[in-house]
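Take a look at the letters that make up each chain.
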Amino acid sequence: MSEATLQPATPSAAMIRTLGILSTICGVLIVSAYQITLEPVAANKKIALERAVFKVIPGAHSVKEFDATSAGIQPAGAIVPEGAVKFYAAYDQAGALKGIAAEGAGKGYADTVRVMYAYDPARQVITGIGVVSMRETPGIGDKITTDPAFLKNFVALDVKLAADLKALANAVKTVKHGSKQNAWEIDAISGATVTSKAVGKGINASAQKLLPLLVPHLDKLQGGK
Amino acid sequence: MAASSLNHGQKQPTNMEEFMEGIWKQNPTFVMVLGMCPTLAVTVSAMNAISMGLATTFVLVASALLVSLVRNIVPSQVRIAAYILIIATFVTVVDYAIQAISLAVYDALGAFIQLIVVNCIILGRAEAHAAKNPPTRAAINAVGMGIGFTIGLFALGSVREILGAGKLFGIALFGPDFQPWVVMVLPPGGFFVLASWLLLFNWLDSRKAAKAQTEEGRIHA
Chain A
18 MSEATLQPAT PSAAMIRTLG ILSTICGVLI VSAYQITLEP VAANKKIALE RAVFKVIPGA
78 HSVKEFDATS AGIQPAGAIV PEGAVKFYAA YDQAGALKGI AAEGAGKGYA DTVRVMYAYD
138 PARQVITGIG VVSMRETPGI GDKITTDPAF LKNFVALDVK LAADLKALAN AVKTVKHGSK
198 QNAWEIDAIS GATVTSKAVG KGINASAQKL LPLLVPHLDK LQGGK
Chain B
4 MAASSLNHGQ KQPTNMEEFM EGIWKQNPTF VMVLGMCPTL AVTVSAMNAI SMGLATTFVL
64 VASALLVSLV RNIVPSQVRI AAYILIIATF VTVVDYAIQA ISLAVYDALG AFIQLIVVNC
124 IILGRAEAHA AKNPPTRAAI NAVGMGIGFT IGLFALGSVR EILGAGKLFG IALFGPDFQP
184 WVVMVLPPGG FFVLASWLLL FNWLDSRKAA KAQTEEGRIH A
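Heads up: the sequence lines are chains A and B, in that order.
By our numbering, the letter at position 3 of the first sequence is numbered 20, and the numbering carries on one by one without gaps.
By our numbering, the letter at position 77 of the second sequence is numbered 80, and the numbering carries on one by one without gaps.
No lab work stands behind these hints: they were computed from the structure.
The beta carbon of each residue, even a glycine, is placed where N, CA and C say it ideally should be.
Among the hints, a few may not be true.
[What the hints assert, rightly or not] Within a straight-line C-alpha distance of at most 30 Å, the following computed BS3-like cross-link-like pairs (lysine-lysine) qualify:
| # | chain 1 | residue 1 | chain 2 | residue 2 |
| --- | --- | --- | --- | --- |
| 1 | A | K237 | A | K197 |
| 2 | A | K63 | A | K193 |
| 3 | A | K214 | A | K193 |
| 4 | B | K170 | A | K72 |
| 5 | A | K177 | A | K193 |
| 6 | B | K170 | A | K169 |
| 7 | A | K63 | A | K226 |
| 8 | A | K183 | A | K62 |
| 9 | B | K211 | A | K62 |
[Said to hold, decoys possible] Here are some chain A residues pointing at chain B (derived, C-beta under 7 Å):
| # | residue |
| --- | --- |
| 10 | A30 |
| 11 | M32 |
| 12 | I47 |
| 13 | A65 |
| 14 | F71 |
| 15 | G156 |
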């Protein structure tokens, strides 16, 4: 420290020049790192997405990303139309529609719980869920991925649309442990009610928005390999 | 080595001493107790600990090298800005690199990768060592510090994963009947395990000091 104060005064131009040169070098480094990793990162993200979708739709072979809007559905492009809801259509090896996956998010105990759910258009039910991200308490909230009784809720969770196709006939709801009576109710994990409710709310919010837009146009997704 | 590298002031340390400084004498985690934010936050598993350690080591070595290279042309009035710029650059590089290598690791480490920018070990090394030493010495010292930090993180991460999840590197160790000690992977567990390690290190240290004293006494007597 004392050496610095004893040094002769540095001209301002020298300081600015040094910082300028350093910034340029650093800028080049950052931009090249970005360019080099751009492709592998995109590939990784695609694999991660496929893995998440394949987990909830077993037997799927390829995934396509779509946007659903009030004007219909279209393959996701660079520009996301206003009010669009993103979903993924999964196809088997022969190119037949295997199922539809979408993401829902609800506020959990620690942070937002993001879940991927699989929708079976033929039966109008949810057939599986997987957690995309969560920061719930290990051993308590994170049971939503392992608890067999909880996962049984999502073997055939009813998300039928009402007759006017504007909303779900029955909103998906998380109920207290042991009081599930209807096919659209989720039986909460005892001791992890907040996290269970986050899953229910996330699915409900997403399905209420997506399914009315999606169901009238389901035929467009068939055989779209 | 143990006797020579403590407070030897003017004498130039050898490359080996320079390297060992971070691993033992000035271990960032156990002796200097620096960089506690990632140390406590990401050490919930051995894998996380090692990834974080390696990412920090890369930034540490690369920035020490560059800081040392430009040490004679950066006016001291703007040196902190220059160091932070250099460190932030390498953190950004490492951020992209981890995303390219594994998104799972990237998600597990979360915001703590970006927070390497403000890791005091790195700025501390730049200011206290790299800015005063030629590139080779700076790099050797930084590698030692990085490995020392990784060892520190691994010491915490492995213990917390074993106790808190009954696993090591994701492999179950105790069979299905083991009831994990969940608190160990929660924030309090980080403090417990860190405290236990510090206790052990300080006990070893004081025992060594006591031993050295009695030996000295014997020689003088």
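Worksheet item: Taking each numbered hint in turn, which are not upheld by the structure, reported in ascending numerical order?
Response: Failing hints, ascending: 1, 2, 8, 9, 10 and 14.
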